[in-house]
Amino acid sequence: MFAYYLGLGFHELRAKKTLTILVVITLAIGVASNIVALTVLYSMSGDPIPEKSDRLFVPLLDPRPLANQKQSPEPPGLISYRDAMALLKAGHAMRQTPLYGITVAVEPVRSGQRRFWASGVAVAADFFPMFDVPFVHGGFWRAEDDARSARVVVLREVLANRIFGSEDPTGREFWIGRQSYTVVGVIADDYKPKPKFYRLVGSPSFSQYEDVFIPFNTTVAEEMGISGTTSCWGDTGPGFQGVKDSASCAWIQFWIELDSANDAPRYEEFLASYVEAQRSFGRFEGSQNHHLHDLRTWLDIRAVVSSDSRLHTWIALGFLLVCLINATSLMFAKFAARSNDIAVRRALGASRLDVFGQYLTAAAIVGLGGGGLGVGLSWMLLDVLSGRSAELETLAHLDVTMFVTAFILALAASLLAGVFPAIRACLVHPSNLLKS
Amino acid sequence: MEIRPIFSAIIRSKTGAVLMASQVAITMAVLSNALFLLNTRLTVMSRPSGVVEEEVFVLRLAATEEIEDPEAMQRHDLALLRAIPGVVRATETNQVPLGRSGSTTTLNIDAATTRSAQASMFLSGGPLVDTLGLEIVEGRDFLRDEIRRIDPRNMGPQADAVIVSRALADEMFGVGTPAVGKVVHHSDRAALSHLRIVGVVETLTTPQAASDPSAYRTFIMPVQLLVGSVNYVVRTNAHDQGRVMTAAEQKLGMLRNDRVVVSTRTMEELRELRYRGEKTGAGMLLIIALGLLLVTASGIVGVASLWVNHRTRQIGVRRALGARRLDIMRYFLTENLIISTVGITFGVGLALSLNHFLASSLTLARLPTGYVVGGAVILWTLGAVAVLGPAWRASTVSPGIATRSV
Chain Z
1 MFAYYLGLGF HELRAKKTLT ILVVITLAIG VASNIVALTV LYSMSGDPIP
51 EKSDRLFVPL LDPRPLANQK QSPEPPGLIS YRDAMALLKA GHAMRQTPLY
101 GITVAVEPVR SGQRRFWASG VAVAADFFPM FDVPFVHGGF WRAEDDARSA
151 RVVVLREVLA NRIFGSEDPT GREFWIGRQS YTVVGVIADD YKPKPKFYRL
201 VGSPSFSQYE DVFIPFNTTV AEEMGISGTT SCWGDTGPGF QGVKDSASCA
251 WIQFWIELDS ANDAPRYEEF LASYVEAQRS FGRFEGSQNH HLHDLRTWLD
301 IRAVVSSDSR LHTWIALGFL LVCLINATSL MFAKFAARSN DIAVRRALGA
351 SRLDVFGQYL TAAAIVGLGG GGLGVGLSWM LLDVLSGRSA ELETLAHLDV
401 TMFVTAFILA LAASLLAGVF PAIRACLVHP SNLLKS
Chain V
1 MEIRPIFSAI IRSKTGAVLM ASQVAITMAV LSNALFLLNT RLTVMSRPSG
51 VVEEEVFVLR LAATEEIEDP EAMQRHDLAL LRAIPGVVRA TETNQVPLGR
101 SGSTTTLNID AATTRSAQAS MFLSGGPLVD TLGLEIVEGR DFLRDEIRRI
151 DPRNMGPQAD AVIVSRALAD EMFGVGTPAV GKVVHHSDRA ALSHLRIVGV
201 VETLTTPQAA SDPSAYRTFI MPVQLLVGSV NYVVRTNAHD QGRVMTAAEQ
251 KLGMLRNDRV VVSTRTMEEL RELRYRGEKT GAGMLLIIAL GLLLVTASGI
301 VGVASLWVNH RTRQIGVRRA LGARRLDIMR YFLTENLIIS TVGITFGVGL
351 ALSLNHFLAS SLTLARLPTG YVVGGAVILW TLGAVAVLGP AWRASTVSPG
401 IATRSV
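Chains as they are written, first to last, in my numbering: chain Z, 1 to 436; chain V, 1 to 406.
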């Protein structure tokens, strides 16, 4: 019987081609605009590391004077060198890393290449296991390399290929300015967490994924300039040294990994006692404003999901609603014209359910057509969008989930749109046939 | 014109009327908010920077090694730039409006820091005001003996004079208050504890150019930072710009081995880069607005055509009884007007509710009445135009139909 309905459905739709095409296009446009908005929103709001996002934390300290705290109550997202070193030394977490952005001038190895700039981050060895960074060659440096400010480096695949070709560059020399660094590992190109959660302050969240990773102590020893945000609230000496030595300059992002989420209160206590101890040295004269945020809270605080994309999603939803109502009224128009056919079928013995089923099937066919067209349109629109900016290039990609969602959305929309006309159709009385 | 028969006809085909009215209502709601949002974006995108944008370009250079004598380097660079024919003005600076990277700092009005304002800090030892083409509305530009040359490796910035933007002066002293002669100080540098305001510029936007009023709170200090990584701003005549840019990039790039020209961009390019996000959003909103109108129009055409088909017999009868074609058309137009009006009325309420929802949970401002009125006018017009086709077809129904029995 279903096959018969399918046949009838197709016949139905072919009979009034313009109207059918109109419904399909309307649904497709509605679905496409929603899929595009949802894709961007979905990409933005994902958990970048769900397997351990509840065990990764950002400790925030606020050593600013009261006047500054009153003006901007939010604690700075970064901490000072002094505090970072103190937290590192205390070692109250399973893994920990300080982090700041750097820009390095890379020297070419092969002739014909010119010197170029690469973005990077200064981190401790723990960074790599903490964030499950995948390696294609070698691995990360050891704790001793951190301790003795060794000149070692981890590169991203694309940069390694650019300098060394496709062979394994582990052990080779990588030149930054006049200094050489030994390559100890190469990370996979596709390590591009959405968002770039480890460096939300002073760097875009969905682009500029770094190519160079150098031990934190090494970059500090080399006085590699800070690429990112530096917030100072007190008198600061000149140059990199001035910022580093100042207790009132925040420029380091600090991350910890705890054994379990339950250890968080204990770490907060440690933070509180550290602040107390520092007070006796005259620091932290403002009010208590230290926090320990887990990764998801941190993403919320930093407003990673732009309110813009949320707005667009709501507007797109409103558009889909209009498309739905439009599809309903168009299907109404279509099915209403067939009241004689329906009367004949009913007179010949078809039940109300049969007629309902027939027209719902017609609606479903339209839905699948709209879904197919909608997916194609979404793909095209996302392609155009991804060329607009580096951020959108990361975000505007149709993945399997969204692909399936598009079809489900179109099917659901057209079934919803078709229910009412189908009910109306099946209520046609066979006696209509008797009237002229 | 008899309204009652129209009403009866509508009541008898309730479903179509309800569907049409609800489409109009929801379109009204979404359209008003979408157009408002679109206008907000466009307004942000067209804000002035204070700079004569078609005449200015920026060279960004970065040192790849430690530079021994940055003062000599900058002197040489500027001499080279100023010697290029077509160059009107050139200077170094720490940051550029719309350049998207720069420093924000806090200026205090009194020592007790009870009143202060956050602002973006421009540092230049050269004629920055003239090079950017800024408009001085109060006071004057810096004098030569106010300029300081600072090597940041050895000391922090020092200055006695400062030029502020009108927006910053308004924020610190009250709207329209004359600011020249007043003294402010930098929040955390002792060497900047006595900055006398010598001039006020009308408009100077920050590098980030955020979409809120903080984008215009800026100040300039006459400090030349002796660093290897530096921005050079160059002003030319608009038609010379291309040629000068190429020459400047080439000459500076070849001059030394220990630095690289990172980028050469016109102010117009910087503007495009800064507002690309807004432009993309605006494009999407425009497409949705047009899509909404198209879809609603097609819905109206669909349902109206259906009614025309259903009422062929009645139309024939009316024509046979003496109705002119114009009367038939007027009938359908009036019918559509009634349904549109009902839809628009509900739409106004929906538009305001949607706006309230979006404003409370997201960053959208309150919907100005103009958009509600505008939306209503658009939808009335759309309805009338859409129903014109089916109405005309209805009017062509021959009176002879009344005499047929099949």
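The set of hints was computed from the structure by calculation and includes no laboratory data.
All residues carry an ideal CB built from backbone N, CA and C; glycine is no exception.
Some clues are possibly wrong.
[What the hints assert, rightly or not] Chain Z stretches covered by chain V per the calculated footprint, using a threshold of three residues with CB under 8 Å from any CB of chain V:
| hint | segment |
| --- | --- |
| 1 | 22-33 |
| 2 | 229-237 |
| 3 | 298-311 |
| 4 | 333-347 |
[To be verified] Listed below are the simulated BS3-like cross-link pairs for lysine-lysine, each with C-alpha atoms no more than 27 Å apart in a straight line:
| hint | chain 1 | residue 1 | chain 2 | residue 2 |
| --- | --- | --- | --- | --- |
| 5 | Z | K52 | Z | K17 |
| 6 | Z | K244 | Z | K17 |
| 7 | V | K279 | Z | K196 |
| 8 | Z | K244 | Z | K89 |
| 9 | Z | K192 | V | K279 |
| 10 | V | K279 | Z | K70 |
| 11 | V | K279 | Z | K194 |
| 12 | Z | K196 | Z | K70 |
| 13 | Z | K196 | Z | K244 |
| 14 | Z | K52 | Z | K194 |
| 15 | Z | K17 | V | K182 |
| 16 | Z | K244 | Z | K52 |
Numbered hints the structure breaks, given as an ascending list: Of the numbered hints, 5, 6, 10, 12, 15 and 16 do not hold.
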